[in-house]
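In order, the protein sequences belong to chains A and B. Take the first sequence: its position 8, counted from the start at 1, is 8 in the UniProt record's numbering, and no numbers get skipped. Take the second sequence: its position 191, counted from the start at 1, is 191 in the UniProt record's numbering, and no numbers get skipped.
No lab work stands behind these hints: they were computed from the structure. Computed from a predicted model, the values in this text were never measured in an experiment. A couple of the hints might just be wrong.
It does not matter which identical chain is used: a pair holds within one copy or between any two.
Unchecked claim - Quick list of in silico lysine-lysine cross-link-like pairs, DSS-like style, CA-CA up to 30 angstroms:
hint, residue 1, residue 2
1, K259, K60
2, K259, K87
3, K125, K284
4, K123, K140
5, K97, K290
6, K290, K123
7, K87, K60
8, K290, K87
9, K248, K51
10, K259, K77
2 protein chains.
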Amino acid sequence: MLQLRFLQASLSPKPHLTFPLISSSGSLRISQTKLRSQMGSYTTSSQQPSKLLFRQLFEKESSTYTYLLANASHPEKPALLVDPVDKTVDRDLALVKDLGLKLIYAINTHVHADHVTGTGLIKTKVPGVKSIISKASDAKADLVVEPGDKICFGDLFLVVRATPGHTLGCVTYVTGDGPSRPQPRMAFTGDALLIRGCGRTDFQMKCIIDIVWELVSHDISCSGVACCVEVHSNYISQVHSQIFTLPKDTLVYPAHDYKGFTVSTVGEEMLFNARLTKDEEAFKNIMASK
Amino acid sequence: MLQLRFLQASLSPKPHLTFPLISSSGSLRISQTKLRSQMGSYTTSSQQPSKLLFRQLFEKESSTYTYLLANASHPEKPALLVDPVDKTVDRDLALVKDLGLKLIYAINTHVHADHVTGTGLIKTKVPGVKSIISKASDAKADLVVEPGDKICFGDLFLVVRATPGHTLGCVTYVTGDGPSRPQPRMAFTGDALLIRGCGRTDFQMKCIIDIVWELVSHDISCSGVACCVEVHSNYISQVHSQIFTLPKDTLVYPAHDYKGFTVSTVGEEMLFNARLTKDEEAFKNIMASK
Numbered sequence: 001m002l003q004l005r006f007l008q009a010s011l012s013p014k015p016h017l018t019f020p021l022i023s024s025s026g027s028l029r030i031s032q033t034k035l036r037s038q039m040g041s042y043t044t045s046s047q048q049p050s051k052l053l054f055r056q057l058f059e060k061e062s063s064t065y066t067y068l069l070a071n072a073s074h075p076e077k078p079a080l081l082v083d084p085v086d087k088t089v090d091r092d093l094a095l096v097k098d099l100g101l102k103l104i105y106a107i108n109t110h111v112h113a114d115h116v117t118g119t120g121l122i123k124t125k126v127p128g129v130k131s132i133i134s135k136a137s138d139a140k141a142d143l144v145v146e147p148g149d150k151i152c153f154g155d156l157f158l159v160v161r162a163t164p165g166h167t168l169g170c171v172t173y174v175t176g177d178g179p180s181r182p183q184p185r186m187a188f189t190g191d192a193l194l195i196r197g198c199g200r201t202d203f204q205m206k207c208i209i210d211i212v213w214e215l216v217s218h219d220i221s222c223s224g225v226a227c228c229v230e231v232h233s234n235y236i237s238q239v240h241s242q243i244f245t246l247p248k249d250t251l252v253y254p255a256h257d258y259k260g261f262t263v264s265t266v267g268e269e270m271l272f273n274a275r276l277t278k279d280e281e282a283f284k285n286i287m288a289s290k
Numbered sequence: 001m002l003q004l005r006f007l008q009a010s011l012s013p014k015p016h017l018t019f020p021l022i023s024s025s026g027s028l029r030i031s032q033t034k035l036r037s038q039m040g041s042y043t044t045s046s047q048q049p050s051k052l053l054f055r056q057l058f059e060k061e062s063s064t065y066t067y068l069l070a071n072a073s074h075p076e077k078p079a080l081l082v083d084p085v086d087k088t089v090d091r092d093l094a095l096v097k098d099l100g101l102k103l104i105y106a107i108n109t110h111v112h113a114d115h116v117t118g119t120g121l122i123k124t125k126v127p128g129v130k131s132i133i134s135k136a137s138d139a140k141a142d143l144v145v146e147p148g149d150k151i152c153f154g155d156l157f158l159v160v161r162a163t164p165g166h167t168l169g170c171v172t173y174v175t176g177d178g179p180s181r182p183q184p185r186m187a188f189t190g191d192a193l194l195i196r197g198c199g200r201t202d203f204q205m206k207c208i209i210d211i212v213w214e215l216v217s218h219d220i221s222c223s224g225v226a227c228c229v230e231v232h233s234n235y236i237s238q239v240h241s242q243i244f245t246l247p248k249d250t251l252v253y254p255a256h257d258y259k260g261f262t263v264s265t266v267g268e269e270m271l272f273n274a275r276l277t278k279d280e281e282a283f284k285n286i287m288a289s290k
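Bound conformation, chain A alone (with noise of 0.2 angstroms):
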């Protein structure tokens, strides 16, 4: 298990890069300066746009959606699917083959505890896939991702938010800004933020059970409970901050929807979310009469 701060595609025009985009040792091919220089540019760049080719996909025993986001505009087409399911992994990698797709990243918001995560399935279907998942969920990936990383596809990329409170390891990814990304922009929040809703809390009882029983067990003082407790009592502040913030017309693409909703925007949210709209105090108590 690596972990990257930034996984990014050597832009080379030649028509044959060699992906996975990290080299085997996990270091770096171009340097984070060459990186930062080629990021600078395509804010001032007058360029056309890199095209994102974007994809919403149903599960609908589980009411997940799986995301497909690829550079339609790289010669490789470089891909990656957010939150797939393995139920549903050759629906999405015989779409990726129709539409001439390189999937180079299978990426998770967080743990699934209501499906299984198709990201295992798929690499044995496509080698060379890397898997990512946040380093906070203390879960196995192929890369693991904190806030403020950037997972590149081509000229495109996710930005990494910590959105903890469904579970510890919770994260949001976003498009990133400027002329030359996708307008308005997305965000990817998993169970963090759903449309109108969020996810469910009691993940966190059990990981604060969890904890006692095993300080309990051991004699050991309850700093690890204080821990637990305040990220827990944080998923307003988190969501607030690091959602809340983006421009109101960001697109927001949950990773469930049980009502048939398949997108909101950070301004309905801000306004209409029956549960996050709300204080520390008032969340808590709603959150535990569920």
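With the hints as your guide, set chain B onto chain A.
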């Protein structure tokens, strides 16, 4: 039930326009000449494009997609729903309210055999909303449309294209072309074109059987049967001439999907649709074997 060729809003800049857009006598408020003049100006104007607000909504039991379209640039934000389902009307109307839209039309692509349309229920809940269906469907609605008709919401509109085959009255609604229209274009194909598939044709066979029974009972000549068979056999040619002639990047939004796809493109379906890429004979054999 009124039959109209143009369903057009008066385009006054005043914030309090009156809807619905058709007078109670069924005659247009403004002449067709004036309408065409206004239409012409959209393609040559250098003004900012009108902004389409778009939402795709899903009804899980019948795997039906309902589409909400609204003109967000217009002071009244006139909106329409395509293929609403009775069970999800409250969800759809709550969304319309949240977004501050004024629902003016509830439209069906065809008479649905697998679920109850929501148009009747919507009309009881939102006075002034007009239901729309094709004349060829021979179904009841406030307004009936024919191929070439435009359904306007502000200066945005949908054009009606005939795509019979699943039922005799199936139509596809397509967004207008030009710089002030949504790009890429969007086609709401009902059951005529599903992603990688198409609607059942055994409803047509039932139609033939019903007609034959009528003919036999009344000793009438077989012209009715010939007509019905011809429409059935024209499924492929109608899809090819009415949908596959659209720009390849036109987004295809069907009335149903059973595999979790949400959208496709004309170009993709021209390459990968397992049924509609066949010739008439092969298509008939495929459908007969279902």
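One pair to classify: K125 and K284, alpha carbons no more than 30 angstroms apart. Within, between, both, or neither? Classified as neither; 43 angstroms inside a copy, 35 angstroms across copies.
Within a copy, between copies, both or neither: which one fits K97 and K290 at a CA-CA cutoff of 30 angstroms? between (42 angstroms within a copy, 27 angstroms between copies)
Alpha-carbon proximity context of K259 and K77, limit 30 angstroms: Between. Shortest inter-copy distance 24 angstroms satisfies the 30 angstroms Cα cut-off; intra-copy 33 angstroms does not.
Go through the copies and call it for K87 and K60: within, between, both or neither, with a Cα cutoff of 30 angstroms. both (10 angstroms within a copy, 18 angstroms between copies)
With 30 angstroms as the alpha-carbon cut-off, assign the pair K259 and K60 to within, between, both or neither. This pair counts as both: shortest intra-copy Cα distance 12 angstroms, inter-copy 8 angstroms.
From the Cα coordinates, with 30 angstroms as the cut-off, is the pair K123 and K140 best called within, between, both, or neither? For K123 and K140, the Cα distance is within 30 angstroms only inside one copy (13 angstroms; across copies 53 angstroms).
With identical chains treated as interchangeable, where does the CA-CA distance between K290 and K123 reach 30 angstroms or less: within a copy, between copies, both, or neither? Classified as neither; 37 angstroms inside a copy, 35 angstroms across copies.
My question is about K290 and K87: at a cut-off of 30 angstroms on alpha-carbon distance, are they close within one copy, between copies, both, or neither? Both: 29 angstroms inside a chain and 25 angstroms across chains, each within 30 angstroms.
Using 30 angstroms as the alpha-carbon threshold, which applies to K248 and K51: within, between, both, or neither? Classified as both; 22 angstroms inside a copy, 16 angstroms across copies.
Homo-oligomer pair classification [K87, K259; C-alpha up to 30 angstroms]: Intra 21 angstroms, inter 11 angstroms, cutoff 30 angstroms: intra and inter.
Going down the numbered hints, you'll see the structure goes against 3 and 6, while the others check out.
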